[in-house]
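Just so you know, the protein sequences line up as chains A and B, in that order. Take 1 as the starting number for the first sequence in the numbering used here and just add one per residue. Take 10001 as the starting number for the second sequence in the numbering used here and just add one per residue.
A couple of the hints might just be wrong.
[Stated by the list, open to error] Taking lysine-lysine pairs in the DSBU-like style, the calculated list, with each CA pair at most 30 Å apart, reads:
{"#": "1", "chain 1": "B", "residue 1": "K10110", "chain 2": "B", "residue 2": "K10813"}
{"#": "2", "chain 1": "B", "residue 1": "K10554", "chain 2": "A", "residue 2": "K156"}
{"#": "3", "chain 1": "B", "residue 1": "K10786", "chain 2": "B", "residue 2": "K10132"}
{"#": "4", "chain 1": "A", "residue 1": "K468", "chain 2": "B", "residue 2": "K10798"}
{"#": "5", "chain 1": "B", "residue 1": "K10838", "chain 2": "B", "residue 2": "K10062"}
{"#": "6", "chain 1": "B", "residue 1": "K10132", "chain 2": "A", "residue 2": "K154"}
{"#": "7", "chain 1": "B", "residue 1": "K10079", "chain 2": "B", "residue 2": "K10623"}
{"#": "8", "chain 1": "B", "residue 1": "K10132", "chain 2": "B", "residue 2": "K10497"}
{"#": "9", "chain 1": "B", "residue 1": "K10132", "chain 2": "B", "residue 2": "K10343"}
{"#": "10", "chain 1": "B", "residue 1": "K10079", "chain 2": "B", "residue 2": "K10402"}
{"#": "11", "chain 1": "A", "residue 1": "K478", "chain 2": "A", "residue 2": "K468"}
{"#": "12", "chain 1": "B", "residue 1": "K10450", "chain 2": "B", "residue 2": "K10132"}
{"#": "13", "chain 1": "B", "residue 1": "K10497", "chain 2": "A", "residue 2": "K154"}
{"#": "14", "chain 1": "B", "residue 1": "K11003", "chain 2": "B", "residue 2": "K10110"}
{"#": "15", "chain 1": "B", "residue 1": "K10943", "chain 2": "B", "residue 2": "K10873"}
{"#": "16", "chain 1": "B", "residue 1": "K10894", "chain 2": "B", "residue 2": "K10801"}
{"#": "17", "chain 1": "A", "residue 1": "K430", "chain 2": "B", "residue 2": "K10943"}
{"#": "18", "chain 1": "A", "residue 1": "K468", "chain 2": "B", "residue 2": "K10838"}
[What the hints assert, rightly or not] Calculated Cβ distances over 12 Å to all of chain A for the following chain B residues:
{"#": "19", "residue": "T10039"}
{"#": "20", "residue": "M10045"}
{"#": "21", "residue": "N10340"}
{"#": "22", "residue": "K10399"}
{"#": "23", "residue": "N10510"}
{"#": "24", "residue": "Q10611"}
{"#": "25", "residue": "R10691"}
{"#": "26", "residue": "I10698"}
{"#": "27", "residue": "T10725"}
{"#": "28", "residue": "G10772"}
{"#": "29", "residue": "G10773"}
{"#": "30", "residue": "N10779"}
[Stated by the list, open to error] Residues on chain A that point at chain B, a partial pick, calculated with CB under 10 Å:
{"#": "31", "residue": "K31"}
{"#": "32", "residue": "N103"}
{"#": "33", "residue": "A242"}
{"#": "34", "residue": "W246"}
{"#": "35", "residue": "E258"}
{"#": "36", "residue": "V259"}
{"#": "37", "residue": "L280"}
{"#": "38", "residue": "N466"}
{"#": "39", "residue": "P470"}
Honestly, the hints are just simulated from the structure, not real lab data. Even for Gly, the Cβ is constructed at its ideal location relative to N, Cα and C.
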Amino acid sequence: MKNIYKMIFVALLASTYGCEKFLDVNENEDKVRVVSMQLSLPGAQASMAATFGGSFHNLGGFWSQYYTQSPDAGQYEDFDAYVVSTDFFDGEWSEVYTGALVNLRNIKNEANSSGATSYALVATLCEAYTFQMLSDLYDKIPYSEALAGGDNTKPKFDNGEDVYKALIAEIDASVAAYEANPSADDLSSADMIFNGDMSQWIGFANTLKLKMYMRQSYTASPKGTEIMALLSEDNFITSDAAFSSWTSEQGKRNPYFEVQVDRLGDVNGRASNTLLSYLLDSEDPRVDEIYTPGSSGHKAKPQGDYANRDIPNGELSKPLITALTPVYFMTMSELHFLKAEALVRYSGASGAQVEYEAGIDASFASHGLGDGSSLYASGGAYEWNDAGSEEDKIGQIMMQKWVSMANQQNLEAFFEMNRTQYPPLSSAAKGTEGAIGERTLSYASTLTGYNTPRRLDVPDVEVSRNAKAPASTGIAAKVWWDRK
Amino acid sequence: MLLYLAASFIKAKFMKKQLIKFLGVSALLLFAVVAHAQTRSVTGMVTDSKSQPITGAVIKEKGTTNGAISGTDGRFSIKITTAAPVLQVSFIDMADQDVTLGASNSITIKMETGDQDLGAVVVTAQGIVRSKRSLGYSVASVKSVDINETGLGSPINGLQGKIAGVQISAASSDPGASTRIFIRGIHSISQGTQPLIVVDGVPIANNSTNSTSLNGGFDFGNGLNTINPNDIESMEVLKSSAATALYGSRGANGVIMITTKNGSNSSAKKGLGVEYNGSATFSSVLRMPEFQNQFGQGWDNNHWLDENGSWGPEFDGRDRVYGRVVDNSQLLAPYSALDNNVKDFFERGVTLNNSVGVSGNNGASSFYASFSNVNADGIYPGAVDINNRNTISLKAQTKKDKLSVSGGVNVSMTEGKFVPTGQGGQGTYNNMMQTPRNMSIVDMLNYNDKFYNPEDYFTAYGVTNPYYVLNENGNDFNGRKIYGNIQTTYDIKENIKVLYRLGYDFNTNNIHNHRAILLPQGVNGGSVDDPGFVSEQASGTQEFNNDALITWKKEINPLVSFDLSGGMNINSRSSNSLFTSVDALDIPGFYNVQNSPNAPTIAESNTLRRQVNFFGLANLGYKNMAFLNVSLRRDQSSTLPVENSSYYYPSANLSYVISDGLKLPKFIDFAKVRLGYGVTANDAPLYSFDRYYSQSSIYMPFRTINFPLDGVNSFGIDNNLSNPTLAVERNKEWELGLDLRAIDSRLGIDVTVYSRLTDNMILFQAVAPSAGGTRQISNFADITNKGIEIVGSYKILKNEKGLNWDVYANFSKNLNEVVGLEEDISLGGLSTVAFMAKNGNPIGVFEGSVPETSPTGQVVVDANGVPVASTQKADYGNSQIGYMLGAGTRLRYKAFNLNLLFDARKGGLMFSRTADILHFTGNSVTTSYNDRKPFIVPNSVVKIDNGDGTFTYEENTTAVDPAHMDDYHRAVAFDRSNVIDKSFVKLRELALTYNLPSKTMEKMPFEGMSISLIGRNLILWTPVDNQYIDPEVTTFGNGIGAEYGEFSASPTTRSYGFALRFTL
């Protein structure tokens, strides 16, 4: 009898003793707690590519008047109608903060604590590019308090100007830290933008700074001095910053192709006559690289004329983006045009022509078309007008920048269009096309007068969960640097 | 039901004689109780009506605490202390009996089977058997006959409409589909809603193997439905927290306790016994949508021959061509409606159910072995919707001196095929719903025919020949379940007993799914493209339970009894799953994941959770009349943060038999009040409060980018923020009840009211993405459930030799409310009609578009006179059922027994995609409104934009013309019409049984034999706004989401046939 009691006692004791370890099994075997920087960087960069090369690329295509809504479908009528519901980009906003930025922040933190200055630099630059693009699109964004996880689930919103200042300081500090003590990490398998080429990343830092300084050219404090210092240092990218690790399988293809062409059947975006007419009028061979012609050659619709079903879908030219088209973050042509504009604005235009023509050449080259000399040569449509005013020169540069960014940097083109007002907005009445080389007020515009989109409102997914989000301004409100 | 009861009362008045006799006896007994005590010992034997000994019958001397339990030979010995002793004899499955003891010290008591709900003992939490009168909470006990009378393969579907407060719904009539059970409403949003299923003291896995995909959903059933119902001896449904507190964090949704046959319980006889149960049932469509038969193929009132709807001109009966032009030829038929074109597609389903059980009992040892086979082929033509289930059950027990050992193993093997539900070309039923009213579907049988093949199929709009998808695409399910237990008990002393039990449950499921390559060529180009698809999923779950229990009983004095138990439970549950799929196949008809140039998609999942639980309970009885039960359980769960991982679950309940304690009106035979309180809880979901990294998958609209990319892999941090302070969500429930039997025990009434608060619900709170994540698991918001349950029965006629007529009914009403929820939470649903939890509302609010109205409340219409949807969505109502009522009658005349059960549910809404698609295609009868003649939407206005942000409203003069009738009937503004009232009344069960007379039996080797005509779900009545579907169906699983409704579910069926039962 007593043995029974003993056994029960021992059994109970044993089970209690083993309890803590027995219960320590709440570890998800299908996931990991810690991931190397090398394994988390590609996903963060792909997230940037998917967002800026996908939905925002599509939006930029409409608002830069490269694309317009086909009358035979209707998915993006709102872009041409200049109404974007505040939940439209919920998914992109979530992806960019929780896919790109939070992972970049984790890499940056880990790199900083482990002295991996190369990873720290790459993560800082990717983060800076992403924040810069977001702040240009939304003006005020969560930045200084963002990405704190459970410690701060309602980050405050920072002014775009403050974001810019802080980003440039971060870039400078990160470059300095790397140059002072370059770590030997091999990023080649992790860095899907420059394949671990750190000199390109240093160039990226300077190119990004140049872009951000140039963006402020119409603000109360333009950055001529800083810009000329960068130009004299001349340590920029020497190849495009692009994400090109696409393969021809579902879920692994160019984001625009994946969604617009494959998933939605390539029925919505069609050539806008704003760009198509300009290319045809200039006899620019890039027309066949930017657009796939319709069944009877190149045809386009005036911007926003989707209510008029005069041309069947099959006859309209459409954006030529393939499964393997890279997503461009910054390009050589962009760099050349930035330099050309800087030289015009801050250095009496000397050397601007060289950069202008180099910009056109770089664009031609990226389309596999050799160079653009036939067009900028004497008598060509894009011949440099050295006799023109400063504004004329800027206009000429910006028109070429607008053309070169088509299908490559649609969103960036939208920002630059708002900054410089090139191509200029036609004063023709709504429902009438502007002249060649002018923007057309969308036929479907629901904004008053000649207002056009200048930004997006912060999406519902943020506003509904973060009381610190600013009140909606509407998409026609200009962002802080949009002053021309 | 009230009518029945009223009738019963009137009837009762004519039975004065019996009443007087009864009252006399009662009075006599009351005197007897107070009479002088006198001690003696009486021995006896308890047998059933066939003189077989009954083991475990409870014998009590009325008015005392003296009692005994009959042994394996039916014998007992009892101490008698009153002068005119009356023995109360009770046994589960048998009618309670009072036997007046004479002077003799020896007695044989013969018990009769039958009276329901009067079982003396019931199985309660942790498998503890208690006398029913001692319970301070309501327990619904169900016997084998209730489960099996209509010959079902499911152990639970037979309880539909029979238990108050328990909503039991089959997801569909497809063979083998899941059953969902909600006990006293929904108490949790994120933590599951299904009760714990306990078989012979051991919890088993009850997961449903289903897919809620809108593009091909399936349901291969749940764990509970793999049990052979003929193996079940009895079932107890524990509803309240007071009843389930001993299951702590697993008893939150109630517990269904199943006791299986083991050769020694009441249904078994001494020696060798053989029991056969067989049935053959046939099924046919119960509810077809009501189609309009006035208009034929076309759109906008035009006779377009490639349209998938009936918006064409009115039928004229003239010969017209239809379909595609193939080889310069076209089909020709009269342009008129084919009333039954959908119905004719279906065939008669057949289910064969055979079960053989063998039991043996030699007094000390017993065994039970059974084999069963269910072979079902549903109503779709061909063997495409089948369920073939084999079960084997082996159990044995033996007792020697103080040690008894029992054990059992059950194996269930299921093979199935399911016709996918949902939209697109994959859904067979969806394809049929989009066939114009003048087009024959059965003619399409040969899908290689030049007019009916997928390339030349009549329509261009995303649907195809239903016979094609039915036969060329498909799935195979293969499920295995093995569960059982080993249990030993040892009587350390006469009043101390220890028990150890090991329970286990293994499940493995394989699902193979394929779609044929369909890349239409030719001038007509088909309507559906599919590069082909194949997937294979292997999943499994395991559950182990170790239980130890020690019980100490003490009779403090003859009036007061006391027992104390302590126990522990170690529980471990794990699961694993591997899924792989590939699309774009190379070789047609070869369904293997290697058959593609694409890399297969692979998903892996592994889980493990554990609990260590201790519990104790004490029971105090006074004069077998008043009882107090208290219990306390401590759980420690692996899924919670360590600091919050252990919890205490107290409960207390009080039972007082008023009829023993107080002087009540004479017509009351028995009255008991119950009061209970208990706490249960849900622990956290697995791995929910830590932050992890998983393989990067990047959001885009409609698609994702998936790593590896170009040979590089990547991992990204999850969107789920950590929360180290997460705690359990708790249920606290009060229950008060009254159990009454009166008028010579003819009338039985049991009323329960309860109130449950689920507080600190575990929910995923949406977080601003800028924090670096999108959600965080937290404890917030509450749900309350308050309700009443009334169970009543009345024996209108009680005549041993002649006609017996019983009526019975149960009614329940539950009020549910979500409290303290700051932000609406989606429970599933669709983007068009959302399914939400909203503060201050019952759970499951439907929210969708409504017509825009002017400031003065007039409907705004567009240029065609069709109402415009408001940008503001509105609440349509919720999914909660107003009340449930089950009512039936049982007639017995000599060897004949007739049982009839109606099941009614009133109130609640559901979404119906079937309604939606029929409105869209113009096939529903509602679309022939006003014969599709032009009409102006009453009280409608046109909204004019003044260009300055203001609007003017002018009276609408534009009639909706026939060309825009489709725009009217499928307008977004009218999405409300796709959300239907899910009230129904069903003739749930009909069974007419003939028990072969014992005289006939004597000449045959059988001991008993019965033949039944059986029917289930024979008639369905629904409110007028449901002309579409059986409202019990769902295609959204078996949790809360299931209450959303259906997305092109297959029609349900009625079934009818016969059953044969015999014992040897």
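Structure-based check of all given hints:
1. Restraint check for B:K10110 and B:K10813: not satisfied, since their Cα atoms lie roughly 40 Å apart, outside the 30 Å limit.
2. At most 30 Å may separate the alpha-carbon atoms for a hinted pair to count; B:K10554 and A:K156 exceed this at roughly 67 Å.
3. Pair hint B:K10786 plus B:K10132 holds up; C-alpha atoms about 24 Å apart against a cutoff of 30 Å.
4. This hinted pair does not check out: A:K468 and B:K10798 have alpha carbons roughly 75 Å apart, beyond 30 Å.
5. This hinted pair does not check out: B:K10838 and B:K10062 have alpha carbons roughly 54 Å apart, beyond 30 Å.
6. Note on B:K10132 and A:K154: the hinted pairing is violated, with a Cα-Cα distance of about 55 Å set against a maximum of 30 Å.
7. The hinted pair formed by B:K10079 and B:K10623 meets the criterion: a straight-line CA distance of about 15 Å does not exceed 30 Å.
8. Proximity of B:K10132 to B:K10497 is assessed by CA-CA distance (about 21 Å); at most 30 Å being required, the pair is judged to hold.
9. As the CA atoms of B:K10132 and B:K10343 are separated by approximately 50 Å, the hinted pair breaks the 30 Å bound.
10. Taking the CA atoms of B:K10079 and B:K10402, the gap is near 23 Å; set against the 30 Å cutoff, the hint holds.
11. This hinted pair checks out: A:K478 and A:K468 have alpha carbons roughly 21 Å apart, not beyond 30 Å.
12. This hinted pair does not check out: B:K10450 and B:K10132 have alpha carbons roughly 70 Å apart, beyond 30 Å.
13. Between B:K10497 and A:K154 the alpha-carbon distance is near 59 Å, which puts this suggested pair outside the 30 Å criterion.
14. Pair hint B:K11003 plus B:K10110 holds up; C-alpha atoms about 25 Å apart against a cutoff of 30 Å.
15. The hinted pair formed by B:K10943 and B:K10873 meets the criterion: a straight-line CA distance of about 19 Å does not exceed 30 Å.
16. Using a Cα cut-off of 30 Å, the hinted pair B:K10894 and B:K10801 holds, with the two alpha carbons roughly 6 Å apart.
17. In summary, the hint linking A:K430 to B:K10943 is supported, as the alpha carbons are separated by about 23 Å, within the 30 Å threshold.
18. As the CA atoms of A:K468 and B:K10838 are separated by approximately 24 Å, the hinted pair is consistent with the 30 Å bound.
19. Every beta carbon of chain A lies more than 12 Å from that of B:T10039, the smallest distance being close to 31 Å; the non-interface claim holds.
20. For B:M10045, the non-interface assignment is confirmed: its Cβ lies about 33 Å from the closest Cβ of chain A, beyond the 12 Å cut-off.
21. Here B:N10340 stays apart from chain A, with its beta-carbon at least about 37 Å from theirs, past the 12 Å limit.
22. Taking the minimum C-beta to C-beta distance to chain A, about 17 Å, the non-interface status of B:K10399 holds against the 12 Å cut.
23. Under the 12 Å C-beta cut-off, the non-interface status given to B:N10510 relative to chain A holds; the minimum distance is some 20 Å.
24. The Cβ of B:Q10611 does not lie farther than 12 Å from every Cβ of chain A; its closest approach is about 8 Å, which violates its non-interface assignment.
25. Distance check for B:R10691 against chain A: the nearest CB is about 8 Å away, which does not clear 12 Å, and the non-interface claim fails.
26. Not every beta carbon of chain A lies more than 12 Å from that of B:I10698, the smallest distance being close to 5 Å; the non-interface claim is violated.
27. At roughly 10 Å, the least C-beta separation between B:T10725 and chain A is not larger than 12 Å, which violates its mark as non-interface.
28. Against chain A, the non-interface label of B:G10772 is violated: not every CB pair exceeds 12 Å, the least being about 4 Å.
29. For B:G10773, the condition that its CB be more than 12 Å from all CB atoms of chain A is violated, with the nearest at approximately 6 Å.
30. Remark: the non-interface label on B:N10779 is consistent with the geometry, its nearest Cβ contact in chain A lying 14 Å away (cut-off 12 Å).
31. Using the Cβ-Cβ criterion of 10 Å, the hint placing A:K31 at the interface with chain B is satisfied: the shortest such distance is roughly 4 Å.
32. With a least beta-carbon distance of about 5 Å to chain B, the hint placing A:N103 at the interface is held under the 10 Å criterion.
33. With a cut of 10 Å, the hint placing A:A242 at the interface with chain B is violated, because the nearest CB-to-CB distance is about 13 Å.
34. For A:W246, the suggested interface contact is upheld, since its CB lies about 7 Å from the closest CB of chain B, less than 10 Å.
35. Residue-level restraint check for A:E258 holds (minimum Cβ-Cβ distance to chain B is 5 Å; threshold 10 Å).
36. For A:V259, the interface hint holds, the least distance from its beta-carbon to any beta-carbon of chain B being 5 Å, beneath 10 Å.
37. Residue-level restraint check for A:L280 is violated (minimum Cβ-Cβ distance to chain B is 32 Å; threshold 10 Å).
38. Interface restraint check for A:N466: the shortest CB-CB distance to chain B comes to about 4 Å, inside 10 Å, so the restraint holds.
39. This hint is violated: A:P470 has a C-beta 13 Å from the nearest C-beta of chain B, more than the 10 Å allowed.
Checked against the numbered hints given earlier, this structure breaks hints 1, 2, 4, 5, 6, 9, 12, 13, 24, 25, 26, 27, 28, 29, 33, 37 and 39; the rest are met.
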